[in-house]
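*Asks:* One letter stands for each residue in the lines below.
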Amino acid sequence: MAEPMRGLSVTGLCLRAGTKSLVRDVSFTVAPGQVLGLVGTSGSGKSLTVMSLLGLLPADVQQTGGEVRLDGRRLDPANLSAIRGRALGFVQQAPRGGFNPLVTIGRHFRETLACDGVRGAAAEARMLSLLAEVGFAAPERLPDLYPSQLSGGMLQRAMLALALSREPDFLLADEPTTDLDLVVQQQILDLLERLVARRRLGLLLVTHDLSVIARLADHVAVMDGGSIVEEQPVAGLFAEPRHSRTQALLRAHFALYGEAQLP
Amino acid sequence: MNLLELRGVSHAYRQGGLFGRRRQVPVLEDASLRIGAGECVALLGPTGSGKSTLGRILLGLEAPDRGEVLYRGALLRDGRGRMAPESRRAIQAVFQDPYGATSARFSVLDVVAETLWPLRLPAAALRERVAGLLDDVGLEPPMMDRLAHRLSGGQLQRVCIARALAPGPRLIVLDEAVNSLDMETQARILSLLGALRRRSRVAYLFITHDLRLIRGFADRVYVMQDRRPIEVDDPLGDGPVPPVMATLRAAILPARPLPRGQRLA
Chain A
1328 MAEPMRGLSV
1338 TGLCLRAGTK
1348 SLVRDVSFTV
1358 APGQVLGLVG
1368 TSGSGKSLTV
1378 MSLLGLLPAD
1388 VQQTGGEVRL
1398 DGRRLDPANL
1408 SAIRGRALGF
1418 VQQAPRGGFN
1428 PLVTIGRHFR
1438 ETLACDGVRG
1448 AAAEARMLSL
1458 LAEVGFAAPE
1468 RLPDLYPSQL
1478 SGGMLQRAML
1488 ALALSREPDF
1498 LLADEPTTDL
1508 DLVVQQQILD
1518 LLERLVARRR
1528 LGLLLVTHDL
1538 SVIARLADHV
1548 AVMDGGSIVE
1558 EQPVAGLFAE
1568 PRHSRTQALL
1578 RAHFALYGEA
1588 QLP
Chain B
123 MNLLELRGVS
133 HAYRQGGLFG
143 RRRQVPVLED
153 ASLRIGAGEC
163 VALLGPTGSG
173 KSTLGRILLG
183 LEAPDRGEVL
193 YRGALLRDGR
203 GRMAPESRRA
213 IQAVFQDPYG
223 ATSARFSVLD
233 VVAETLWPLR
243 LPAAALRERV
253 AGLLDDVGLE
263 PPMMDRLAHR
273 LSGGQLQRVC
283 IARALAPGPR
293 LIVLDEAVNS
303 LDMETQARIL
313 SLLGALRRRS
323 RVAYLFITHD
333 LRLIRGFADR
343 VYVMQDRRPI
353 EVDDPLGDGP
363 VPPVMATLRA
373 AILPARPLPR
383 GQRLA
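For the record, the sequence lines run as chains A and B. Add 1327 to the 1-based position in the first sequence for the numbering used here, that's all there is to it. Add 122 to the 1-based position in the second sequence for the numbering used here, that's all there is to it.
Fair warning: there could be bad hints in the mix.
[Claimed, not checked] Listing some non-contacts, in silico: residues in chain B with all C-beta distances to chain A over 10 Å:
no., residue
1, P148
2, R204
3, P240
4, L269
5, L370
[Said to hold, decoys possible] Here's a subset of chain A near chain B, in silico, CB distances under 10 Å, partners left out:
no., residue
6, S1354
7, A1358
8, V1377
9, A1452
10, L1455
11, S1456
12, L1491
13, D1508
14, V1510
15, A1544
16, L1564
17, E1567
18, H1570
19, E1586
Treat the hints as calculated values from the structure; they're not laboratory data. Predicted model, so just to flag it, every value in this text is computed and none were measured. For each residue, glycine too, the CB sits at the ideal point set by N, CA and C.
Construct all of the structure, not just a fragment, from the sequences and the given hints.
*Replies:* Right, dumping it as structure tokens:
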């Protein structure tokens, strides 16, 4: 695949724990304003791939190959912590785990914004506009609340607002709606779609749920056993899945809609 | 006679309200529901609609503020809040998060054996019993000596199902029991639950927010509307449904991608 200059691209990523290979030769590109879906069952290596992009791999996992480029510029793994948050926003599955329960929502924002030197009244204004952007009708009520006082859906929106507060060009979302009910899931996916369009965000959407992929992804990579086994535009993947793993995932998906028998 | 029945149950929680004031938050109001022997009853509703509270009351984990819970026509809990050991064994549960529902220090054997304690089986007989249960839920019996938390989510959820099946229950409350699993695992666990019900005539209360899961699985369907379950004859059909059901239906994502441009609502 020709490497476009604009975008977040991963080439030949290999991860292992001791002698066990976890991710093998994974390559993909997330383009600005586009949604790349990374789909696969539990344990297929999706989340580890995301963690390696952020330089957040568990201590026992080593990267043995591959490079990450941001708009053509190679990212040094040692500098990832400087890029994390700034160029790459991150939203994870269980929003409650991403907040410090002892600290108000407002302080989460003030600390994050201070990384870029935004403080005082400017920080307050910025925080309220971010909270409004993710759909809080009365954002001024949020800053004094503690995470335990918010529902899962509210926390996930607050998490998105935090991830956007440093104006990242790319957002990595790992199962962002898996713990939420379907009604809240729909609101979060609508919101992600608007953010991608409005901010020209490049979104890497990691999920096991093909209905989330159908709703939001432009392009899809299917992972199985640590490798990408198929990559296609979303319409092609649903109409003509090529790999047997993709076909099996689609069978389980369509069974939920009464279009196929349960395996 | 119904296996389990909820009659006019009301329940409230005390909450430090979102913006400071302490207040009573009603969760269930005049809620009634019945489950027949061997029946699979689905209970639908969004987060916070009271469906898990209803499940906890059915399990006898909580006493309702008002109303009664009857097991085979008799009160589930006596005047002092105690449950007869027999009904305690007869009503089991499987919850959403299998890791939260099991001890990190337990082996698979310990987890499944929890509900077999009162039988005081000798060690060899216990292992044999657990092996049979693991086989029933599609797991390899040698797995019983592994630490429970070393298993994948789908495997551990099967262990939790084996634990629920162990005392030969008449009813299993499945509270979002497949929702945290990936889709293929969801499908496999659902078909396993269906097969186990056909084999053992156990009844299920299947609590979920995902309307897609009840197709071909539930015999009857309730939806939580205004703090009480309302029975819906044909939740996926063309007839009128309660507003909450309509909302849940509208939240189902498309099965296939729509062309770009049509997607932004």
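*Asks:* All hints, please: hold or fail.
*Replies:* For each hint, the structure was consulted:
With a least CB separation of 18 Å from chain A, P148 of chain B remains clear of the 10 Å interface cut-off, as annotated. Every CB of chain A is more than 10 Å from the CB of R204 of chain B (nearest about 33 Å), matching its label as outside the interface. Listed as a non-interface residue, P240 of chain B keeps its Cβ farther than 10 Å from every Cβ of chain A; the least gap is roughly 35 Å. With a least CB separation of 17 Å from chain A, L269 of chain B remains clear of the 10 Å interface cut-off, as annotated.
Not every CB of chain A lies more than 10 Å from the CB of L370 of chain B, the least distance being 7 Å, so the non-interface label is violated. At its closest, the beta carbon of S1354 of chain A sits 23 Å from a beta carbon of chain B; the interface hint therefore is violated under the 10 Å criterion. At a threshold of 10 Å, the smallest CB-CB gap from A1358 of chain A to chain B is about 14 Å, leaving the interface hint violated. The interface hint given for V1377 of chain A is broken, as the beta carbon of that residue sits about 16 Å from the closest beta carbon of chain B, more than 10 Å.
About 22 Å separates the beta-carbon of A1452 of chain A from the nearest beta-carbon of chain B, more than 10 Å, and the hint is not met. Among the interface hints, the one on L1455 of chain A is violated; its C-beta lies about 17 Å from the nearest C-beta in chain B, farther than the 10 Å criterion. Annotation: interface hint on S1456 of chain A violated; nearest CB of chain B at approximately 22 Å, more than 10 Å. Here the hint on L1491 of chain A is broken, as its CB sits about 19 Å from the closest CB of chain B, past 10 Å.
Using the Cβ-Cβ criterion of 10 Å, the hint placing D1508 of chain A at the interface with chain B is satisfied: the shortest such distance is roughly 4 Å. Because the closest C-beta pair between V1510 of chain A and chain B is about 5 Å apart, less than 10 Å, the hint holds. The restraint placing A1544 of chain A at the interface with chain B holds, with a minimum CB-CB distance near 8 Å, inside the 10 Å limit. Because the closest C-beta pair between L1564 of chain A and chain B is about 8 Å apart, less than 10 Å, the hint holds.
Checking E1567 of chain A against chain B: minimum C-beta separation of about 12 Å lies over 10 Å; hint violated. Using the Cβ-Cβ criterion of 10 Å, the hint placing H1570 of chain A at the interface with chain B is not satisfied: the shortest such distance is roughly 14 Å. Taken as an interface hint, E1586 of chain A checks out: its beta carbon lies about 7 Å from the nearest beta carbon of chain B, inside 10 Å.
Hint compliance for this structure: hints 5, 6, 7, 8, 9, 10, 11, 12, 17, 18 are broken, all remaining hints hold.
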